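Chains as they are written, first to last, in my numbering: chain A, 422 to 657; chain B, 235 to 778.
Quick caveat, the hints were computed from the structure, so don't treat them as lab data. Among these hints, one or two may not hold up.
What the hints assert, rightly or not - Reference listing, derived: stretches of chain A covered by chain B, where coverage requires no fewer than 3 residues with Cβ under 8 angstroms from a Cβ of chain B:
| id | region |
| --- | --- |
| 1 | 479 to 486 |
| 2 | 510 to 519 |
| 3 | 578 to 592 |
| 4 | 615 to 623 |
To be verified - Straight-line Cα separation of at most 20 angstroms, SDA-like style, residue types lysine to any residue; simulated pairs:
| id | chain 1 | residue 1 | chain 2 | residue 2 |
| --- | --- | --- | --- | --- |
| 5 | B | Lys675 | A | Leu461 |
| 6 | B | Lys256 | B | Asp380 |
| 7 | A | Lys507 | B | His564 |
Keep in mind the model is a prediction, meaning the values are calculated, not measured. Built from N, CA and C at the ideal position, the CB exists for glycine as well.
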Amino acid sequence: MERILDILRRNGEGGEPYYQSFRYATSDETETVATALIVLNADPDLRDTSGQPAQPIAWECSCLQKKCGACAMVIDGLPRLACDVKLSDCKDTIQLEPLKKFPVVADLIVDRTVMQDNLRELRLWMEDQAVMVDKGMDVAYESSRCLQCGCCLEVCPNYCVEGSFTGMASAVPFSRLLAELPASRQKEAARLYTRRFFEGCGKSLACRNICPAGIDVDHLLVNSNAVAVWKRFRKR
Amino acid sequence: MGRVNVVGAGLAGLSAAIHLAKAGVPCNLISALPSERAQSVLAEGGINAALDTMGEHDTPAEHFADTMKGGGNLADPNAVTGLTEHAPEIVRWMFSLGTPFQMEHETLILRNFGGQKKKRTAYSKSSTGKVLMTALIDEARRYEADGLIHRYSHHLVEDLKTEGDGNDTRCVGLVLRDSYSGHLFAFKGLVILCSGGMNGIFPGLTTGTIPNTGNITALAFRNGVELGNLEFIQYHPTTVGIPGKRMLISEAARGEGGRLFILRDGKPWYFMEELYPELGNLMPRDVVSREMFFVSRRDDCEGQVYLDLTGLPTATWEKKLSDMREEILHYLSVDPVTTPVPVSPGIHFFMGGILVDENHRSSLPGLYAAGECACQYHGANRLGGNSMLGALYGGKVAAEQAALLSGQSAFADSSPVDLGPATSDWTASRTVSSIQTERLKEILWNGLGIAREEGMLRRAVQSVDDLLAQNLREWEWSRALLGKAMLVCALQRQESRGAHYRSDYPDRDDPRFQKTTVAVCRDGEIITAFRPIPERRDDRGTNP
């Protein structure tokens, strides 16, 4: 099995973007795009399809099993995790591009710091105040699984780095807060949720099926909206 | 007040940073990638604490006894006393931060885990590490907003700074490289290393993450920091190969009723249940892995070992293991509900590492270590459920110790200093080629498997010596030296204990070897010694 990886590259922030193609051959059908990138980069004499010497491909990866979100990139037009996409599910040529909603650092690496900044601005923390009951557990669990990979922001028509709308990548963590905070802090949290998420969301639901962790965003939104927008605070 | 430098933003690093902040001590939280990418998010099964919510009359003393016994009585008993007595407090703290542990009727549910007769492991399906990390990341964010935790994600440790000579040498800071800008920065202050296990010395053969390169441990070693118990490498019984790594199937699978078998004379033989009737499939990991190794070499057995989960109730899959099922389906195209999963042991945890005392101080004053990079708590073999506990508690202890010294004038001004772009020579010396990485892995793999013996270890040492004699770059040399230290420690421990099994010395030898193996680098040479384990003080805790 051979694939061509057509990669949108850029040497640092100011560099001009360009596509460079690499040939990757393997007999293992279970390999992923991440495997291909690792093997290509391990070649001390890396060359592109035209035989020209090439620098190693800059990308981030950590767990290789869909649990850390490091390797999010645009694969054949959709934001995916490189360790999630099997080569056997791809066409002969696979196009890899960096996430476009974030500043490019180099090649496939983007700076997603803004996601952390947003969560800090939203005051997303507990302060030893969680009120845990069996009923809220599924929301807290589902919400806790967010990888902060940025795939949901990539497909969102309303999200941009400079805007005040923080997108599903903050709404998901927020649902844990809204489910577990004591009533004294829920009102403030509800106000921030409404202003920075609910009012900016165009309800396109583009993010619904893109989450690599398979988080049930509908379920979380229903719960968060009930608290924050419809003021159904849970009785303690 | 000077900032403490915490290296690593997984469970141990976050715990250290948060406990520093709680004490009002500012810190730099330094990591190659953000916390969400840390190896801690992969931890699955749970966290141990004698919370005794299951009506079994569990106590910290029993947790202590199981941890010591499971670790071949090689751990520091005073440190383990602290760990096990504080475990309930650690889990309650995580609960108060909103960790969605499994609950029923407002009660925390505990599960069975290997090497422990009582239910002691709090969990959240098989994503416990992930949900603990989310809760801690949120908590750290509060102190980030308060200006007490300063995050330096995408920063790599490239050097340790020391002052003084001989016995007066102390650690005074770090040199970091911003992997985005390429600039070097000098960070002054105390250092707490929470940089994870040495997975990168065995790339592709472990269940860990790629950024845990082992380079920081190698750097500490070449700077004269003592390492301990390097020969103890945990092979987790139930791993499967996926592209680029070993994927773990959590011990929770066996805790919930999973059974191991191999085909003997054409029929499934549930060998662990026959060989160890009391704990069966839940024997400590070293025992299970070794038995898997042995049965797969028997003439009357064929093929590999399988993990049989087909008898688990539907409710267990739905409530406790749904994420595990999804993962196995995705990467192996096998549905564990209906089909046994072929498994084999894979490297999962390094009990050895930077040797620390019960206060998490390394041999180099000013340098602390916690989490998997440290040698503490687990002795010769770690019990499932104790790693996340050790990371959280160890980070807390290290932070409390560092907080005591952080007010010293030597560390008063610790604003990072921009040293400009790394030179090409600097970068080249810290580059590790894939060829050298593969060569070292191959040598160590041949010496440090599940069953070891003198001949294979000597041949591996010779091979590393040949490697070291080549024209290696600085960091390649450091990594090879660390690898050699692992082999030498394994060679010198002429007994079998915990994860270290010597086919030529199959018995445990307490008089000679119930000691900590210490390795230190002096002028490029490795010096090893066996050091007595601290006596258990009677002023702490209840007797086991």
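Now for the hints, and whether the structure bears them out:
Coverage of the region 479 to 486 of chain A by chain B holds in this model, with 6 residues showing a Cβ closer than 8 angstroms to a Cβ of that chain against a need of three. Figure legend: the region 510 to 519 of chain A, annotated as covered by chain B; annotation inconsistent (0 residues with Cβ-Cβ distances under 8 angstroms, at least 3 required). By the rule of at least three residues with a Cβ nearer than 8 angstroms to a Cβ of chain B, the coverage given for the region 578 to 592 of chain A is violated, with 0 such residues. Only residues whose C-beta sits within less than 8 angstroms of a C-beta in chain B count toward coverage, and the region 615 to 623 of chain A has 0 of them, not enough to reach three; the restraint is violated.
Straight-line distance between C-alpha atoms of Lys675 (chain B) and Leu461 (chain A) comes to about 19 angstroms, which keeps the hinted pair within the 20 angstroms bound. Between Lys256 (chain B) and Asp380 (chain B), the direct Cα distance comes to roughly 11 angstroms. Compliance with the 20 angstroms bound is thereby established for this hinted pair. Restraint check for Lys507 (chain A) and His564 (chain B): the C-alpha separation of about 10 angstroms stays at or below 20 angstroms, so the hint holds.
The structure does not agree with the numbered hints 2, 3, 4 stated previously, though it agrees with the rest.
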